[in-house]
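Knowing the structure of chain S, use the given hints to seat chains L, G and Y on it.
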Amino acid sequence: MELGYLAGSIVKLAALIGWIYGLLWGLGRPKAWQKAVTIILAFGVIQAAILAKFGDIALFSAFDQGLLIQACTMTMVALGLNLIYGFNGQFSLAQWGFYGIGAYCSADITYRWTSGDASGLLVAGLGTILGALALFLVGWLLKKKRGVPVLSAFTFYLIALVAAGFAAVKLGGALSPLLAPYFGSPEAPGVLASPLALQIVFFLSIIVAGAFAAEVSFIFGLPVLSLGSDYFGIATLGFAIIVKTLLVNSDTILPFPEMKGGRGMIGIPKLTNWIWVFAFLILVIVIIRNFVRSSTGRATLAVREDEIAARAMGIDVAKNKLMAFVVGSFVAGLGGAIYAHYIGFLAPGSFDFIQGYNPLIIVVFGGLGSMTGTIAASFGWIFFLEGFLRVLLGQLGSDAPSWRLVLYPIALLLLMLVRPQGLLGTVEWGFFKDGNNPIGRAREKLSAAVKLKGSGTKKEGE
Amino acid sequence: MASIKTGDTILSIKKATKAFGGLLAVKDLDLELPKGAIQGLIGPNGAGKTTAFNLITGVIPITSGAISFEGERIDGLEAYEVTRLGIARTFQNIRLFTNLSVLDNVRIAYHSHAGYGLGDSLLRSRRYAEKEKELTERAMDFLGIFHLDGLAFEIAKNLPYGQQRRVEIARALACAPRLLLLDEPAAGMNPKETLELMDYIHFIKDRFDLTILLIEHQMRFVMGICEYITVMDFGEEIARGTPAQIQVNERVVEAYLGKGAAKIAAS
Amino acid sequence: MKRVLTIALALVLTVASLSAADLKVGVLSPLTGPVPSFGLSVKEGTLLAVSEWNAKGGILGQKIVPVIEDGQCDAAAATNAANKLINQDQVKFILGEVCSGATIPVTELAGAAKVLLLSPTATNPNVTVDKAGKTKDFAFRACYIDPFQGGILAQFSYTRLKAKNAFILYDQGNDYTIGLANAFEAQFTKLGGKVVGKETYTKTDTDFSAILAKIKAAKPEVVLLPDYYNIVNLVTKQAKEKGITVPFVGGDGWDSPDLDKAAAAGGYYTNHYSPEDKRAEVVNFLKAYAAAYKDDAGKGKVPDALATLGYDGANLLFTAIKNAGSTDTTKVKEALEKISFNGVTGKITFDKAHNPVKALTILSVTKDKIAFDSVVQP
Amino acid sequence: MPSSIASGKAPISDEKRRGPPLAWVGWAFLGLIGAVTVAYIAGKAWSNPVLFLQNILDGLKLGFVYALIALGYTMVYGIVKLINFAHGDVFMVGAFTSFYAVSRFRLHQWPSAVFPGIDPTVSVIIGSITVVLLAMLICVLLAVTIERVAYKPLREAPRIAALITAIGVSFFLEFFGALPFVYSGRFIPYKAPFPTTAWYVQDGIHPIVSGTASPDNTISFSNIFLLIAAASILVQVFLQWIVKRTKIGVAMRAASYDKSTARLMGINVDRVISFTFAIGAAFAGLGGVLYAIAYSSIWSQLGVLPGLKAFVAAVLGGIGSIPGAFVGALIMGQAEALTMGYISTPMRDAVAFAILIIVLLVKPTGLFGEPSGEKA
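Protein chains in written order, with the working numbering: chain S, 11 to 472; chain L, 2 to 268; chain G, 117 to 494; chain Y, 1323 to 1698.
Calculated directly from the structure, the hints in this document are not laboratory data. From a predicted model like this one, the values you see are computed outputs, not experimental measurements. Hints may contain errors.
What the hints assert, rightly or not - To give a feel for the contact side, a few chain Y residues facing chain S, derived at Cβ under 10 Å:
1. Ala1483
2. Ile1570
3. Gly1571
4. Val1572
5. Ala1576
6. Ala1672
7. Pro1686
Ideal placement from N, C-alpha and C gives every residue a C-beta, glycine not left out.
In isolation and in its complexed conformation, chain S is listed as follows (with noise of 0.2 Å):
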């Protein structure tokens, strides 16, 4: 009876792969409605599978739901880092971190929200704003000054954003009291005890998570890109180590006592739901493909082969690789945001450097390169690590639960050894393929005419 589970676990595993193949499928479709009818039926079958109740059992339990939504933040963090390693050729450490940023950013804005107090929104919505303006700014100046070294620059962004945010502050403390009256207090709520209001304000403050990552990645990118790669992968190693220090001492060192440090941030609303976590899911695959499907895609994948070359193409690698690192933090801003909001409860060892080797094994897992393989690893590493081998593992007796993160070891290194590109090499399905333009599709007839053989693995290095 307890091997219902098992086979449980299995059935849903594979339904989900089904279910990225076909939503990947439908997305792919030309027409716009097409897309549409993919995206409501994507969504629609999840949801009814929530609801759906037979007595007492969800047939997609809080468990698994937990999952899925772990598994669809895991997957916008997997996308970005594919983008910035895999696309780009950078090896980034640095993901997690900024999925921390991320979360901690919008946690803070909807706690003080839900706590009576909107100058969290303000300062850090109108810190993004004015932080995205002064970058801007600066590096309309440094254009006209050409070439002028990249720590001076970094010196001068580095400014203007401390400058921006002093004003935010500032600023955000000095609407805030002038605002107040429309916010309303405990004793007369206004729009800060709206649920409809609350809602929004999660959706802003996700954005602006990603923002703030986005922009804290470009000023910690600006200079360290420039480092080879290996000594760039243990730069992004100590960012997330920084990171992780930061947050640990985030009410002695930073300024955010209800961040309480190392005791965990408590009391964040758990506003995250299906329908957010498939809106973002969403948002963030269109992005990364519309990204990668480009010709600065292509230019990002140029500077991946070979970056002499691609200068020699006329193709600005300091700027590539900062666009490619800029966006692929966004969208583990906006993960870390979605995450932050699901579990309710932030402590700083969810952030630690050990853990953030796992999106770069998903990444490696799903193969290099393949959008389609990172979200088929990410929900794979999962519903494999959380769900299945813990469902397995518990049947088997009161040590065998310790075996869990030895297994998974082993299983790390058979999959390497035996597909060391990857589970899906450079592989992709239905939405992601470069097949969506008319040429693209007279290639995949000519592919098939031509029995070419694409095998797509990545060398590494000269």
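Frame of chain S, contents of chains L, G and Y only:
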């Protein structure tokens, strides 16, 4: 040398020097490249030819001296800026984007004049659709010129060597250059292929109205195709002139064959 | 196709749920992750209690079936594990998690599903009390909360050790040590003492030389080190090497057979019971534990504080179920609120915030033994 | 045709090339950070020079331990360009091997057991050396096995695959070690084969008697510190000798420069790689034992952080360079000790990494790294 006016000169290098630590890879190199010419840069191994190419294209920064392209200083520019100004190059060891298709290799070269930005691609605007279609069609037409359109969807690394060379040259031309630098285009080719390559170079020069500077070791190829030749040894220019002048130049023969050889050659 | 699969799946799940006859209790502890040793201790203590109850015929005639899950001391992993326990295994009672950071999100899930959670060891006040200060209905704990233990340590240092200057050393990433440190500081300064220095470290640190040099320079009369025995061993040993003789004091995290007594000699810590205690509960527990678990050399193991709390936590829950006469969680919850239970860690009742009210023992460490010093009644 | 012949020994630049605009801003920024830090620390050092010296000494101890581990990272990276994440866990296994040898099998006293009349001091010395050698041997076997099983099959695969397997092996060793019947996840008190003694300096060197206070304002150190320093320096010299003077060392250098050419020259590259792993693991094993003796508490994840720090040290010094790893490790040790002593303990990892990032920005290949000139 002052006889060539700037109007006629597409590229001018004045006293270009590149030092790697204490080693002078290129020393006080002067080079004037008349518009529309095919000029050769030859010299024994380690003479600094490829370094000179790297200086022109901005791959490595110059230590001292000046490089002007069409009357404008280009030393100190980034490599991609030099390319966008109109200088394209190929590499000694072919540097195609090996895991991408031939079509993508060419489309990447179009990137700097794709006509749409990141915003367009993220939003999939109409501009994106139009420009992307136009760009792709242009790339296909372009490949057609070289009879490479049949290979458009081949992955670059799966092509045979000779074709990779041709794709690399085509890719360089896709950058819409007015000056093309070819680094040992005939390396690894048999005599027949070399002859084909000579025709090919003439063809592209006329078709795209190019000036060409090339490095080559195969003397028959160089002598057969170049109108002017500059000879380098140990980072310095030791001779320049027409192929006929170079062939009898004592210092050149010495550089290639060692001292004493010149006399034998002369006799 | 998908529909067929989902229906088949639903049937499978329904069948699975029908065959639940025994009393399933979730045991959630960090078996992997950063602190597997804590999870192991708690699990051992808990399972010992389970087997004792089963040997006596279970509760209300039902056999207790522990469902063990790995919480990894991480919010996300513990949430998944708890979701699995609640939704797949359909447990109504959870013992765990061990770390506060992993327990807090679980209490919310459990509360929403009316699953009763009793954490043996999570000391953060927010385990049983939410952001607004309201007691969570279905969350209990078996250990002291930080303010209580930290306050007593301050009292003890000020009056018994006659220390006027204290130095505080704590792990900035561990809410247990932060809580104790904060409470100590508040109480100690209130009594009139002075905190001459505060230093933090992370749990992965092994070299404390620089901090100890600072301590030496600050000349305190007592050093608060409210961490687990592993850190205590490291710090006190290095302190001895540096010629520091100031007494170190700490909380129940010190309690372990692995405490390096030679290094920690001269120190004091608060604990749940004294090994010299001759109460039957203590004697029987030590005997049973030694019989059930052997160390590498085959000798019976001595339980540490975490194992003791695991044992008492499980017993508290089972007794409450027995008292309630039902496995209905609301009834068990009421029974727990009214319970008066004689455990290894003393006579336990619960206060309004679902925190245990029990006596606290202070032990002193000497070179070769742990000696009883005093008892503080709440 | 006039051929312009350069004048032989002409200086490199007659006309000064205009430098990149505004370059001074970046340097000024870095300079400001550096100056503020140095001034701050100098001020503190001035006010209490004894404490400062003590901090330097403590930093050295950390640095020497990191140096022992960093060597393994740097050598492996130099040859196979692989960040061997499992190296820190090999270090952990070294510590555990010695733990079992000492506390279970009392191997550190075998001479007195076999030759009852022997002087106890001599016995402990010989015994301890045996323990260390055993730990080194086990680590070598482990590392070579890992290399054979997990890395060798992937030598032609993309580099990232090997990196992921390295992370996998690292996880495996940690979590397998944490299983109850292996090492268990507990923090195990480590019984050193010989007692620790500490001294303080005040008009000469005096031993500290455990449990009694040493005078204020004195510098103290222990025999473990001396041992670690000696071992670290000896290993450094030994390695230099191997790399510079022995046949296998030449082969290592050749393989690190160009594997395929080295193969053509008749060098058995696979054997060289195995040897590199082995020698790195041997020193990690030595480091593990010394570390365990020094800090006397071991557990299955003991190697994670020292491993990481050591790796960072190797990068700081210029990965691939043996003296670089040593110097990098010493710098890391100082950075940590001074941060702990004067800035803020929680920030020590952050500061260490910040230093690393700054060094890489100024010198992208680390302090002793050779520039990897990519040829166009």
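Hint check results:
{"no.": "1", "hint": "Ala1483", "in the structure": "holds (4 Å)"}
{"no.": "2", "hint": "Ile1570", "in the structure": "violated (25 Å)"}
{"no.": "3", "hint": "Gly1571", "in the structure": "violated (24 Å)"}
{"no.": "4", "hint": "Val1572", "in the structure": "violated (23 Å)"}
{"no.": "5", "hint": "Ala1576", "in the structure": "violated (17 Å)"}
{"no.": "6", "hint": "Ala1672", "in the structure": "holds (4 Å)"}
{"no.": "7", "hint": "Pro1686", "in the structure": "holds (6 Å)"}
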